[in-house]
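Trainee: Now for the letters of each chain:
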Amino acid sequence: MKIDVDWDLCDGNGVCAIEAPGVFEMDDDDELHVLKEDIEEEERPQVDAAIRVCPKRALSLHP
Amino acid sequence: MKVAPIAVVGASLAGLTAVQALTESPAVTAVTVFGDEPHPPYDRPPLSKEVLRGVWDVGRCALKPVEDPRVTWRTGVTVTGLDQDGPRLRLAGGTAESFPGGVLIATGATPRTIAGADLDGVHVLRSLDDALGLNADLDRLPGRVVVAGGGFIGAEVAAACVERGLNVTVLEAQDAPFERVLGAEVGEAVMAEHRARGVQIRTAAAVAALHGPGRVESVELADGSHLPADVVVLGLGVTPCVEWLTGSGLTIDNGVVCDASLAAAPRIVAAGDVARWPNHRFGEFRRVEHWDNAIRQGRHAALRLLAEHGYAEKQDFTTVPWVWSDQYANKLQVVGSTVDFAEVVVAHGTTAEQRFVALYRRGEHLVAAVGFNNARLVTRYRRLLARPVRWNDALAYAASGAGPASTRPGDH
Ligand SMILES: Cc1cc2nc3c(=O)[nH]c(=O)nc-3n(C[C@H](O)[C@H](O)[C@H](O)COP(=O)(O)OP(=O)(O)OC[C@H]3O[C@@H](n4cnc5c(N)ncnc54)[C@H](O)[C@@H]3O)c2cc1C
Ligand code: SF4
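Protein chains in written order, with full-length UniProt numbering: chain X, 1 to 63; chain S, 1 to 412.
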């Protein structure tokens, strides 16, 4: 599965980086970086949690 | 054995998240969701931000629905009572229905009001209908908007009014804006842009009543003085929606009193703004009125209910509270709990440059971090706060160069 960020919605609050630090990271300018787009099965619980708690509903997973 | 029908009372953020979690279990047979608002679930934070600033149509606030044949949405239906025996719900109109699988309470909170709040031109901002009403009134370009209460909602409303070119006064009962929750220095820093853009901020100005012949004309302060107003927005905080639980036998004390796992009674759980529970991480027993908490508790309470049927594990709910507020282009974030803090230190950046992180001490521990235009460091502190952090370690951590690294103090 691939993670997709809707950059029009994301406001860089970094909540996803707390839930899935291996996948999302904030830089010094408070911009979100996706460290890896392809999500392994083991990372799914963390990434699912990030999708749930993103206040801007900016995250989604695609095959 | 499958799970008997379950009811969720309150069709908003906590309720919807609970429904999502319930439907993930194949053991769940039926979920009925009652909501007294006519609308399907929608998101409240944009109401005081994008919607009020006029950049979003209210339709964009709709939350993604749960499409599952086991779920029945009964919007526009008020639940008037709960009998633990059953458990049974009493509905407006006099009927009653049993939900042997259990009841999840997610009725949220409702704005506080004062005498005269029913006058035309006086608004609260909680629901989509409130936002539409306020928008319509602001579209008439009132000469004087008064925001009573300088909390997050009040500050966001003031910012939206400024962006609409309106003249705004914020009345704050404390001696400095956000004094109790953020401390005077940080509170002033948060309001600096408001002042710069012409918002009048009056502190030590508690609102006593509103007056007018039909439409509001003036605001009476606690000291007896009056202030003219064409539109008044009340941002005086909220109280939990628990009246319908009178006589239910549940313990109601500033919210539905729950145990650490969010259970209020056998087969009855609560989540979101209405739930008061002991958060063992901070040694606190209170409600948390934030979006992130409603999402997490909605899910947790759903799993807690399933645990009673043997389909999940019973666990305590602990959290590091997190809330954000957007005013103009500024992003405020609070992680942890500033309740009864004893000391504040601006540990990164400065309030003058409008980009900083302040740390909050209670006893010997770091209990909260407040970031202003600094999301990156806030995420680090939120991770750090997952476990108790001694204050001296936190200060050393902050001083160690480029802010906290991803490791924790004490890890080495
Ligand atoms: C304008 C605004 C802006 C906000 N901005 C932020 C923000 O920036 N960041 C943040 O963290 N939080 C913010 N919040 C707070 C956040 O929206 C709430 O914490 C969240 O909505 C709580 O969700 P809930 O489901 O517990 O309760 P609610 O959203 O209050 O939902 C409870 C629902 O239950 C219904 N109900 C009540 N009683 C009954 C009954 N007897 N029968 C049937 N239905 C009933 C209510 O009508 C309501 O629809 C904001 C809130 C508002 C109003
Ligand atoms: S949680 Fe959502 S809005 Fe926040 S940084 Fe991540 S993707 Fe962006």
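These are computed hints drawn from the structure, not numbers from a lab. Remember, predicted model here, so these are calculated numbers, not experimental data. Any given hint could turn out to be false.
Unchecked claim - Simulated crosslink set (DSS-like; lysine-lysine; CA at most 30 Å straight-line):
{"hint": "1", "chain 1": "S", "residue 1": "Lys64", "chain 2": "S", "residue 2": "Lys314"}
{"hint": "2", "chain 1": "S", "residue 1": "Lys331", "chain 2": "S", "residue 2": "Lys2"}
{"hint": "3", "chain 1": "X", "residue 1": "Lys36", "chain 2": "S", "residue 2": "Lys314"}
{"hint": "4", "chain 1": "S", "residue 1": "Lys2", "chain 2": "S", "residue 2": "Lys64"}
{"hint": "5", "chain 1": "X", "residue 1": "Lys2", "chain 2": "S", "residue 2": "Lys331"}
{"hint": "6", "chain 1": "X", "residue 1": "Lys56", "chain 2": "S", "residue 2": "Lys49"}
{"hint": "7", "chain 1": "S", "residue 1": "Lys331", "chain 2": "S", "residue 2": "Lys49"}
{"hint": "8", "chain 1": "X", "residue 1": "Lys2", "chain 2": "X", "residue 2": "Lys36"}
{"hint": "9", "chain 1": "X", "residue 1": "Lys36", "chain 2": "X", "residue 2": "Lys56"}
{"hint": "10", "chain 1": "S", "residue 1": "Lys331", "chain 2": "X", "residue 2": "Lys56"}
{"hint": "11", "chain 1": "X", "residue 1": "Lys36", "chain 2": "S", "residue 2": "Lys331"}
{"hint": "12", "chain 1": "S", "residue 1": "Lys331", "chain 2": "S", "residue 2": "Lys314"}
{"hint": "13", "chain 1": "X", "residue 1": "Lys2", "chain 2": "X", "residue 2": "Lys56"}
{"hint": "14", "chain 1": "X", "residue 1": "Lys56", "chain 2": "S", "residue 2": "Lys64"}
{"hint": "15", "chain 1": "S", "residue 1": "Lys331", "chain 2": "S", "residue 2": "Lys64"}
{"hint": "16", "chain 1": "X", "residue 1": "Lys2", "chain 2": "S", "residue 2": "Lys64"}
Trainee: Compare the structure with each hint and give your call.
Mentor: Right, here's what the structure says about each hint:
1. Distance hint between Lys64 of chain S and Lys314 of chain S is fulfilled; the C-alpha atoms sit about 28 Å from each other, no more than 30 Å.
2. This hinted pair does not check out: Lys331 of chain S and Lys2 of chain S have alpha carbons roughly 46 Å apart, beyond 30 Å.
3. With a C-alpha separation of about 34 Å, the suggested pair Lys36 of chain X and Lys314 of chain S falls outside the 30 Å cut-off, and the hint is violated.
4. The straight-line distance between the Cα atoms of Lys2 of chain S and Lys64 of chain S is roughly 27 Å, inside the 30 Å bound, and the hint therefore holds.
5. Only pairs whose Cα atoms come within 30 Å are accepted, and Lys2 of chain X paired with Lys331 of chain S is accepted, the gap being roughly 29 Å.
6. A C-alpha spacing of about 12 Å is found between Lys56 of chain X and Lys49 of chain S, which places the hinted pair at or below 30 Å, so the restraint holds.
7. Between the alpha carbons of Lys331 of chain S and Lys49 of chain S the distance comes to roughly 12 Å, so the proposed pair stays at or under 30 Å and holds.
8. For a cut-off of 30 Å, the pair hint linking Lys2 of chain X to Lys36 of chain X stands: about 9 Å separates their Cα positions.
9. Distance check on the hinted pair: Lys36 of chain X and Lys56 of chain X sit about 20 Å apart at the alpha-carbon level, within 30 Å; holds.
10. Under the criterion of a C-alpha separation no larger than 30 Å, the hint pairing Lys331 of chain S with Lys56 of chain X is consistent with the structure, at around 14 Å.
11. A hinted pair counts as satisfied when its Cα atoms are at most 30 Å apart, and Lys36 of chain X with Lys331 of chain S qualifies at roughly 27 Å.
12. The suggested pairing of Lys331 of chain S with Lys314 of chain S is violated, with an alpha-carbon distance near 36 Å, which exceeds 30 Å.
13. For a cut-off of 30 Å, the pair hint linking Lys2 of chain X to Lys56 of chain X stands: about 19 Å separates their Cα positions.
14. Proposed proximity of Lys56 of chain X and Lys64 of chain S is supported: the alpha carbons are some 12 Å apart, at most 30 Å.
15. Under the criterion of a C-alpha separation no larger than 30 Å, the hint pairing Lys331 of chain S with Lys64 of chain S is consistent with the structure, at around 25 Å.
16. A distance of roughly 20 Å separates the Cα atoms of Lys2 of chain X and Lys64 of chain S; the hinted pair therefore holds under the 30 Å criterion.
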